[in-house]
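Residue numbers (UniProt numbering): 1 to 388.
Source of the hints: derived by calculation from the structure; they are not laboratory data. If you're wondering where the values come from, they're calculated on a predicted model, not measured in any experiment. Among these hints, one or two may not hold up.
List time: in silico DSBU-like cross-link candidates among lysine-lysine, alpha-carbon distance up to 30 angstroms [unchecked claim]:
| no. | residue 1 | residue 2 |
| --- | --- | --- |
| 1 | K223 | K354 |
| 2 | K322 | K339 |
| 3 | K348 | K217 |
| 4 | K334 | K322 |
| 5 | K384 | K336 |
| 6 | K348 | K322 |
| 7 | K322 | K354 |
| 8 | K223 | K131 |
| 9 | K334 | K131 |
| 10 | K217 | K354 |
| 11 | K280 | K217 |
| 12 | K223 | K339 |
| 13 | K336 | K213 |
| 14 | K223 | K118 |
| 15 | K280 | K336 |
| 16 | K334 | K280 |
| 17 | K213 | K339 |
| 18 | K280 | K118 |
| 19 | K217 | K322 |
| 20 | K131 | K213 |
| 21 | K348 | K384 |
| 22 | K131 | K322 |
| 23 | K131 | K348 |
| 24 | K354 | K336 |
| 25 | K131 | K339 |
| 26 | K348 | K223 |
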Amino acid sequence: HLFGRSPKVTNLSDISLIRSNLLFVGTHFIILNSLILLVLGDWIAIVVHLVKHFNGADQAPNNTVVRENGTDGTKADDVLEYLNLKGLPHYLSLAITGSFIIYFGVGGFIHWYYYVNKRDRPHEWKCQPEKFLSPELELHEIFVGGFSMLIMSCLSGILSCYAMNNGRLLTLYYRWDEYGWWWFFAQIVVIFLYQDYLTYWLHRIYHWPFLYKHFHKLHHTYKQPTAFSVTAIHPVEILHVQLTMLLPIFTIPTHWAAFYFVEIYTYAHGILNHSGVNIKSFWWQPWQPDTMFHDNHHQYFHVNFGFNIGLWDVIHGTYRRKDRVYSEEIYGGKGKDFKEASQLELEKDIAERKLENPNAYRNNVHQYDLDEREITDLIRQNKKQKSN
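Using the sequences and the accompanying hints, generate a full structural model.
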């Protein structure tokens with residue numbers, strides 16, 4: 001149907017097959033592009049570790065600066081060399097330049113493929129098909145995302161330079177079996193669980209009223225997120241999160257390939273989760289929520305705080321529930337019971353539910369949908385509760 005000469009379409013089953021195949025190809029298309037976009041500033045770090053892996057972990061770069069009078073270096077160079085940051089400007093320029101080329105090139109292509117090319121049929125692919133960001137907000141998220149990405153790129157450039165100069169504080173290693181094969185594979189699970197659970201709590205903490213209003217609210221400016229919003233985060237918050245995720249390479253024996261394998265997975269799904277595109281996790285990812293999970297977070301604000309493991313929200317009671325009302329003014333992650341909600345809160349929540357795409361849920365069934373009878377009963381019970 002897709003790659004050869006198509007047979008004649010004679011019935012509805014053929015049409016359904018073609019649509020399912022197109023959806024399959026489209027899903028893999030955005031995942032492939034996301035894997036390219038995910039590296040952002042970390043592309044240079046991966047290159048550095050590949051060089052050290054094949055050329056020897058203890059080999060430092062030969063980038064000595066020679067003065068006009070024949071002596072080596074300057075005072076600034078001496079300081080950088082002492083800090084294991086020899087050649088830092090070179091690494092920074094590469095990290096920043098490459099990041100922005102990837103960000104606007106690949107990110108822009110994903111945006112065009114869905115938000116421009118398929119804008120007239122959003123019910124086929126969009127989590128919130130009735131709503132799009134305004135052109136002003138699209139530019140805003142690109143500006144904020146670009147600035148925060150600049151910070152990430154600088155951090156990655158510094159870390160790459162430090163690693164290439166054999167930084168003393170790093171606990172990275174390069175021989176596959178240096179700590180045994182069992183640890184090589186076990187550390188992937190350990191790092192993944194550490195990063196995802198810590199970022200769950202960091203995310204939830206940034207939804208506390210003070211931190212939300214002064215930092216995280218910026219990210220929630222984009223109620224219908226796109227791929228560009230993945231880095232559209234307050235600089236303080238994104239730096240905090242990135243440093244937390246980097247802790248393993250300073251604290252436990254970590255093979256560089258294992259660490260960046262987890263980073264690639266995490267960043268790829270970060271882009272997918274913010275894409276606003278209906279993408280479901282694969283059969284081999286029972287832990288991974290569909291993209292609708294995080295899209296719900298942007299639509300309803302203080303709920304579904306996890307990223308790559310939905311179980312954290314289930315354990316801590318912050319997983320979205322059908323019998324709860326959520327809004328930007330309802331903090332805590334548990335929502336508000338229908339009986340406790342005001343009439344206005346209830347009506348707003350019901351209206352939001354109608355904006356969701358049923359096809360973005362498993363089996364194409366809107367699990368939070370309320371039928372007319374349920375809505376009528378809720379409103380009647382709510383009015384009765386308030387009158388009493």
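> Looking back at the hints listed earlier, which ones does the structure fail to meet?
Replying inline: Checked against the structure, no hint fails, so every one of them is satisfied.
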